[in-house]
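**Q** Work out the full structure, taking the sequences as your base and the hints as a guide.
Listed in order, the protein sequences are those of chains A, B and C. At position 498 of the first sequence (counting the first as 1) the number is 498 in the working numbering, and the numbers step up by one without a gap. At position 264 of the second sequence (counting the first as 1) the number is 264 in the working numbering, and the numbers step up by one without a gap. At position 10 of the third sequence (counting the first as 1) the number is 10 in the working numbering, and the numbers step up by one without a gap.
Some hints could be false.
Stated by the list, open to error - For the chain A half of the interface with chain B, some residues (derived, Cβ under 7 angstroms), not all of them:
id, residue
1, Phe51
2, Val55
3, Ala129
4, Pro131
5, Pro184
6, Gly265
It should be emphasised that the hints constitute simulated quantities derived from the structure, not laboratory data. Every residue gets a Cβ at the ideal spot worked out from N, C-alpha and C, and that includes glycine.
This is what each chain is made of:
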Amino acid sequence: MSDTFSYLLMAWMDPNLLMLTALGTFAGIYIGAIPGLSVTMAVSILVSFTFSWDVNDALALIVGIFIGGVYGGARSAILLNIPGGPSSVATSFDGYPLAKRGEAGQAIGLSTVMSVIGGLIGTVVLALAAPLLGDLALKFAPRDYFLIAAIGLMLVGSLAEGSLAKGIFAVALGAIIGMVGMDPVTAEGRFTMGQMELMGGIHYVVVMIGLFGVAEALFQLHNLSTQAVKQKVDKIIPSVAMVLKFLPLSLRTSIIGVLVGVLPGVGGEIAALLAYDHAKRTVKNPTSPFGEGAYEGLVAPETANSAAVGSAYVPMLTLGMPGDAVTAVIIGALVIHGLNPGPMLMVENPHIFWFTVGNLALANIFLLIFGLMGIKLFAKVVELPKAVLIPLILVLCTVGSYSLNSSMTEVYWMLGFGLLGYFLKAFGFQMGPIILGVILGPLMDSSYRQAMASVGDNPVELLGEMVSSPLSLILTSALVLVLLSNTPLFGWLKRKRKAASVQP
Amino acid sequence: MLKQLLTGVAFSLSALTLALPAHAEYPERSIQAVIPWGAGGATDNVMRSLAPYVEKELGTKLILNNRPGGTAVIGSSYVMQQRANGYTLLLGAENPQLYPVLGLAKFDYSDFYPVNIIGQNVVVIATNADSPFNSMAELLAAAKEKPNTLRMGSTGAGGLPSTVHAMVNAVGELKVREVTFGGDGPGITALMGKHIDFMPLSLAAAQELVRSGKLKALAVLAAEEVPELPGVEPITKALPDIGEYLPWGPFWGAFVHKDTPDDIKQKLVEAYAKAVANEEFQGFLKNYGAQSLNLNGAEAEQFLKRWQSVTAWSMYKAKAIEISPDSVGIEQP
Amino acid sequence: MSTSKKVPVGEPTFCVLLVIFSLAVLYQAHLISGFSSISSPGAFPLGVAAVLLIAALRVLWELRGKPTHGEGWAASAKRLSHEHFPRHIVVFTLLSVAYLAVIQWASFYISTFAFLVLAIVYLRRGRVLSALMASGISVLAIYLLFTLAFSVYLP
Numbered sequence: 001m002s003d004t005f006s007y008l009l010m011a012w013m014d015p016n017l018l019m020l021t022a023l024g025t026f027a028g029i030y031i032g033a034i035p036g037l038s039v040t041m042a043v044s045i046l047v048s049f050t051f052s053w054d055v056n057d058a059l060a061l062i063v064g065i066f067i068g069g070v071y072g073g074a075r076s077a078i079l080l081n082i083p084g085g086p087s088s089v090a091t092s093f094d095g096y097p098l099a100k101r102g103e104a105g106q107a108i109g110l111s112t113v114m115s116v117i118g119g120l121i122g123t124v125v126l127a128l129a130a131p132l133l134g135d136l137a138l139k140f141a142p143r144d145y146f147l148i149a150a151i152g153l154m155l156v157g158s159l160a161e162g163s164l165a166k167g168i169f170a171v172a173l174g175a176i177i178g179m180v181g182m183d184p185v186t187a188e189g190r191f192t193m194g195q196m197e198l199m200g201g202i203h204y205v206v207v208m209i210g211l212f213g214v215a216e217a218l219f220q221l222h223n224l225s226t227q228a229v230k231q232k233v234d235k236i237i238p239s240v241a242m243v244l245k246f247l248p249l250s251l252r253t254s255i256i257g258v259l260v261g262v263l264p265g266v267g268g269e270i271a272a273l274l275a276y277d278h279a280k281r282t283v284k285n286p287t288s289p290f291g292e293g294a295y296e297g298l299v300a301p302e303t304a305n306s307a308a309v310g311s312a313y314v315p316m317l318t319l320g321m322p323g324d325a326v327t328a329v330i331i332g333a334l335v336i337h338g339l340n341p342g343p344m345l346m347v348e349n350p351h352i353f354w355f356t357v358g359n360l361a362l363a364n365i366f367l368l369i370f371g372l373m374g375i376k377l378f379a380k381v382v383e384l385p386k387a388v389l390i391p392l393i394l395v396l397c398t399v400g401s402y403s404l405n406s407s408m409t410e411v412y413w414m415l416g417f418g419l420l421g422y423f424l425k426a427f428g429f430q431m432g433p434i435i436l437g438v439i440l441g442p443l444m445d446s447s448y449r450q451a452m453a454s455v456g457d458n459p460v461e462l463l464g465e466m467v468s469s470p471l472s473l474i475l476t477s478a479l480v481l482v483l484l485s486n487t488p489l490f491g492w493l494k495r496k497r498k499a500a501s502v503q504p
Numbered sequence: 001m002l003k004q005l006l007t008g009v010a011f012s013l014s015a016l017t018l019a020l021p022a023h024a025e026y027p028e029r030s031i032q033a034v035i036p037w038g039a040g041g042a043t044d045n046v047m048r049s050l051a052p053y054v055e056k057e058l059g060t061k062l063i064l065n066n067r068p069g070g071t072a073v074i075g076s077s078y079v080m081q082q083r084a085n086g087y088t089l090l091l092g093a094e095n096p097q098l099y100p101v102l103g104l105a106k107f108d109y110s111d112f113y114p115v116n117i118i119g120q121n122v123v124v125i126a127t128n129a130d131s132p133f134n135s136m137a138e139l140l141a142a143a144k145e146k147p148n149t150l151r152m153g154s155t156g157a158g159g160l161p162s163t164v165h166a167m168v169n170a171v172g173e174l175k176v177r178e179v180t181f182g183g184d185g186p187g188i189t190a191l192m193g194k195h196i197d198f199m200p201l202s203l204a205a206a207q208e209l210v211r212s213g214k215l216k217a218l219a220v221l222a223a224e225e226v227p228e229l230p231g232v233e234p235i236t237k238a239l240p241d242i243g244e245y246l247p248w249g250p251f252w253g254a255f256v257h258k259d260t261p262d263d264i265k266q267k268l269v270e271a272y273a274k275a276v277a278n279e280e281f282q283g284f285l286k287n288y289g290a291q292s293l294n295l296n297g298a299e300a301e302q303f304l305k306r307w308q309s310v311t312a313w314s315m316y317k318a319k320a321i322e323i324s325p326d327s328v329g330i331e332q333p
Numbered sequence: 001m002s003t004s005k006k007v008p009v010g011e012p013t014f015c016v017l018l019v020i021f022s023l024a025v026l027y028q029a030h031l032i033s034g035f036s037s038i039s040s041p042g043a044f045p046l047g048v049a050a051v052l053l054i055a056a057l058r059v060l061w062e063l064r065g066k067p068t069h070g071e072g073w074a075a076s077a078k079r080l081s082h083e084h085f086p087r088h089i090v091v092f093t094l095l096s097v098a099y100l101a102v103i104q105w106a107s108f109y110i111s112t113f114a115f116l117v118l119a120i121v122y123l124r125r126g127r128v129l130s131a132l133m134a135s136g137i138s139v140l141a142i143y144l145l146f147t148l149a150f151s152v153y154l155p
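**A** Structure, rendered in C-alpha cells:
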C-alpha cells in the first residue's frame with residue numbers, strides 16, 4: 001500500500017518530474033491550439049527525442065503534452081472557429097458564438113475549468129476501475145462500434161439549423177470524403193478515379209482546416225468593416241456558483257467521455273461529439289440557445305474530451321492495447337524503454353500504473369494554472385483588426401496543413417476545401433455535419449463490414465445480434481430513440497401531451 | 001624572389017585542394033527516414049529503437065517520419081520518388097514484396113537497394129483463453145466440419161493474417177470468415193472479447209498476452225518449438241506439408257533508392273550492420289520476441305527473393321490471389 | 001407562415017449542381033464493387049451515396065415555393081458577383097493563390113512575409129509600417145515555433 005502511495009506521489013515530489021510535467025502541459029496547450037500541429041505528431045517526435053532518458057521522465061513529458069494538447073484545441077476553436085484538433089470540433093459550435101458576443105475570455109476560462117474537472121474524473125476512474133473498464137471495453141463487438149457511430153451521426157439532427165436535408169447532405173458528403181482512398185480490407189481504391197495520390201485518402205485535419213479555417217476567413221472578408229467585438233475580460237474565471245450549476249451536466253458528460261475513451265480506436269473527438277449531442281437533448285433551458293453561445297455547449301465537449309484522456313490509458317495499461325492514436329505512440333515509447341505493455345505490466349511493473357495516475361492528476365493541476373494564464377492576452381487576439389487577422393489565419397492554416405506531411409499537396413487540398421466550404425456556407429450548409437461525417441463515416445463503414453463478415457454476410461442474423469447482448473440492446477434502443485426523436489413523431493407526441501395538460 | 005616563392009606556395013596549395021574529393025563527405029546533413037506504418041506499431045517500434053544506434057554510426061541525425069496508408073504503398077512510393085542521393089531511407093516491413101501479385105503497386109523491393117534486413121518475427125496462431133480449441137489440428141477439424149463459420153481476424157489484403165491464411169490453405173483447408181480490422185491492436189481486442197475465434201499474429205504482438213494467459217497459442221509457424229513460447233506446438237505437427245515454406249515470417253528492413261551512389265550505399269550498409277549488431281539493440285529485439293537477421297548485400301537480396309517467391313506462390317496455390325506470380329517475374333520456390 | 005427571407009441568389013443553381021454531383025458520386029460508388037456482396041467495399045459507399053442523392057433532391061424540393069429574387073440570368077449573375085465577388089474578395093483570393101503557388105519556389109519565409117504585408121496593406125488601405133511590423137513578428141514567431149521547436153522544415 002505504501003508502495004502505491006510513493007508511486008502516486010512520485011511525480012509530485014521529484015522536482016525533475018514536476019518540471020517536465022509542467023513543461024509538457026504548457027507546450028501541449030500551445031501545440032493543441034495551433035491547427036495542424038497534432039498532439040500525436042508531437043508525441044511521436046518526443047518518443048525518439050527522449051529515447052535515452054529515464055522512462056519516468058519521458059512519460060511525464062508525454063502525459064503533459066497529451067493533457068495540454070487535448071484541451072488546447074479549444075482555444076482556437078473559440079477564438080477563430082478553427083478547431084485546433086479533432087477533439088475540439090464540438091467546442092467551436094458554442095465557443096465561437098461566445099467569442100463573437102465578446103465573451104471569449106469567459107469561454108476559455110470555463111473550458112479550462114471544465115477540462116480539468118473532466119480530466120480529474122477520468123484520472124480517478126482510471127485509478128479505481130481500470131481492470132473493470134478494461135473488461136468492459138472487450139465486450140464491445142463490431143456491431144456495437146457501428147451503433148455508437150450511428151448514434152453519433154444522429155447528432156446531425158441537432159446541428160443542422162434550418163434544413164435537416166442540408167444537414168444530412170453535409171454528413172453524407174463528409175462520409176464520402178472520409179472514404180476516399182484505399183479500402184482497408186481489399187486494398188482497392190475507392191473514389192480515387194485512378195489517381196495514385198488519392199490512394200492515401202484525404203487527411204481529415206486538412207478538411208477541418210479548410211472548412212473551418214479558410215472558409216471562415218474568406219467569409220469574414222465580407223465583414224471587414226465591422227468593428228471587432230470588444231472582449232469583456234474582467235471575469236474570466238467562472239464563479240463557484242457557475243461550476244456547481246453545471247456540475248450535473250459535467251459529471252454526465254465526463255462519464256460519456258470515460259466510456260467512449262476506453263474503447264480502443266475511438267477517442268476524445270467522438271466523445272466530445274456524443275457529449276454535445278447529449279447536452280443538447282437533455283438541457284431544457286440552456287443559458288442561450290445551443291449554437292448561439294450556450295455555456296452548456298462548451299461544458300459538455302470539454303469535459304468529455306479530457307475525461308477520455310484518462311480512460312484512453314485503461315486499455316493501454318491493462319491490456320497493452322492503444323485506446324487512441326496517442327496511447328498507441330506511448331505504447332511504442334514503453335516498448336523502446338524495455339517495458340512490455342500488456343496484462344503483465346500491472347503485475348510486474350505496478351509503478352508505471354500508479355505513477356501515470358499521479359502524473360495525470362498533476363498534469364491536470366498544471367492545466368488549471370497554465371490554462372487560466374494569459375487568457376486576457378489571447379482574448380485580445382480576436383480584437384485584432386480583421387485586415388490583419390484574416391491573412392494571418394490563412395498563413396497559419398497553410399503552415400498547419402503543410403506540417404502534416406511536409407508536402408504542399410495538403411495545402412492545395414486545404415484551399416480547395418476552403419473554397420468549397422465558403423460556398424456551402426453561403427448557401428446554408430453547415431460545416432459541423434461535414435466533419436461529423438468525415439470522422440464517423442469510416443468508423444461506421446469498417447465496423448459495419450466487420451459485423452457483417454462475422455455473421456457471414458447474413459443481414460437477418462446481424463439484426464438478431466443487435467439485440468443479443470445487453471450492451472447491444474442498450475445501444476440499439478438508444479439509437480432507435482434518437483432516430484425517432486428526429487422525426488415528427490416526437491413533436492406530435494409532445495403537442496398531444498401539452499394539449500392534454502392544458503385541459504382543465 | 002619572394003614573389004616567386006609565394007606564387008609557388010599558392011600554386012601548390014591550390015593543387016592540394018583540387019586533390020581533395022570532388023564532393024564532401026556523406027552524410028553532411030540529416031537524413032530523412034520514412035516509416036510507412038503508423039506510430040506505435042511494430043515496425044515503428046523497431047525502427048525508433050534502432051535509430052539512435054544508426055545515428056551514432058553515421059554521425060548525423062535521422063529524422064523519422066511516419067507515412068502510413070495503403071499497406072505501406074504510400075510511404076514506399078514517396079521514397080521512390082525522392083532523389084537517389086542517400087538522404088531518404090525507407091524503413092519498412094515485408095509488405096512491398098507482395099505488391100506485384102496483389103496489384104497494389106507496380107514495384108517491390110527489387111526496385112530498392114537493401115541496406116539491411118534487420119530481423120524477422122515468428123507467427124503465432126492465437127485464440128482466446130476460453131476457446132474450445134487446444135491445438136491446430138482441432139481448429140482445422142472444426143473449420144472442415146463447418147466451413148465458413150469460424151471467424152478469423154485479419155488486417156486486410158497483404159497483411160500478415162491473410163498471407164498466413166493463404167499458406168495454410170495452400171497445403172490444407174481452412175475456410176473461414178475473414179473479419180478485417182485496422183491493425184493488430186483492434187484485432188487482438190476483438191479476439192480477447194470473443195468476437196472472433198482466432199487470428200494469426202506476430203510474436204511481438206502476442207507474446208505478453210499469451211504469457212499472461214489472456215490468449216491461447218495454438219501453434220507457431222515454425223518447424224520446431226520456439227524458445228519464447230515453450231509448450232506451443234510447431235504448426236508442422238498438424239500440417240507437415242507446410243514445412244516446405246518455412247522458415248517464414250514478417251521481416252523488417254532498411255532500404256534506399258537503387259540508383260544511390262555506391263560509396264553512400266557502402267556507408268549506410270556499414271552503419272546499419274554495426275547498429276543492428278549493437279548489444280543493446282540485440283537485447284531489445286530479443287525482448288520484443290524478434291529474431292535478428294542483420295543481412296546485407298547478396299544475402300539480403302537472396303532472402304528477399306526467397307520470401308517473395310514462397311509467399312506469392314503459396315498464395316497463388318491457395319487461390320488467394322488471381323495474378324500469377326510467373327507473370328510478374330517471380331520464380332517458384 | 002414563412003418569413004419573406006429571399007433565397008440567396010445562386011442557391012437554386014448550386015443545389016442543382018449538388019444533385020449532379022451526387023449522381024456522379026453514386027456512379028463512382030457503384031464502380032467500386034457493383035452490387036456484389038453486402039459486405040463488400042462498395043456496400044457502405046453505395047448506401048451513403050444514395051443518402052447523398054436523396055438529401056440533395058430533398059434540398060432542391062424544399063426550394064420550391066420559397067420566394068427568390070426572380071430576376072433573369074444577367075441580373076442574377078450581377079447580383080451574385082456583387083455579393084460574393086466584390087473586388088476585395090477577388091483580389092485577396094488571387095493574392096492567396098499566388099502566395100501558395102510561390103511558396104515552393106521562393107522560400108516560405110519570404111513569400112509569407114510578402115503575402116502578409118501585401119494583404120494587410122491592401123485590406124487596410126495603407127498603414128504600411130504597422131503591416132511590416134506585424135508581418136515581421138508573425139514570420140519570426142512561425143520560424144521559432146515550427147522550425148526550431150517542431151523540426152517541421154518549411155520550404
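**Q** All hints are to be evaluated individually against the structure, with a verdict given for each.
**A** Here is what the structure says about each hint:
Here the hint on Phe51 of chain A is kept, as its CB sits about 5 angstroms from the closest CB of chain B, short of 7 angstroms. The criterion of a C-beta within 7 angstroms of any C-beta in chain B is not met by Val55 of chain A, whose closest approach is roughly 13 angstroms, and the hint is violated. Interface hint at Ala129 of chain A: violated, since its Cβ lies 18 angstroms from the closest Cβ of chain B, which is beyond the 7 angstroms cut-off. For Pro131 of chain A, the interface hint is violated, since its Cβ never comes within 7 angstroms of a Cβ in chain B; the closest pair sits about 12 angstroms apart.
Of the supplied interface hints, the one on Pro184 of chain A holds, with its beta-carbon coming within about 5 angstroms of a beta-carbon of chain B, less than 7 angstroms. Here the hint on Gly265 of chain A is kept, as its CB sits about 5 angstroms from the closest CB of chain B, short of 7 angstroms.
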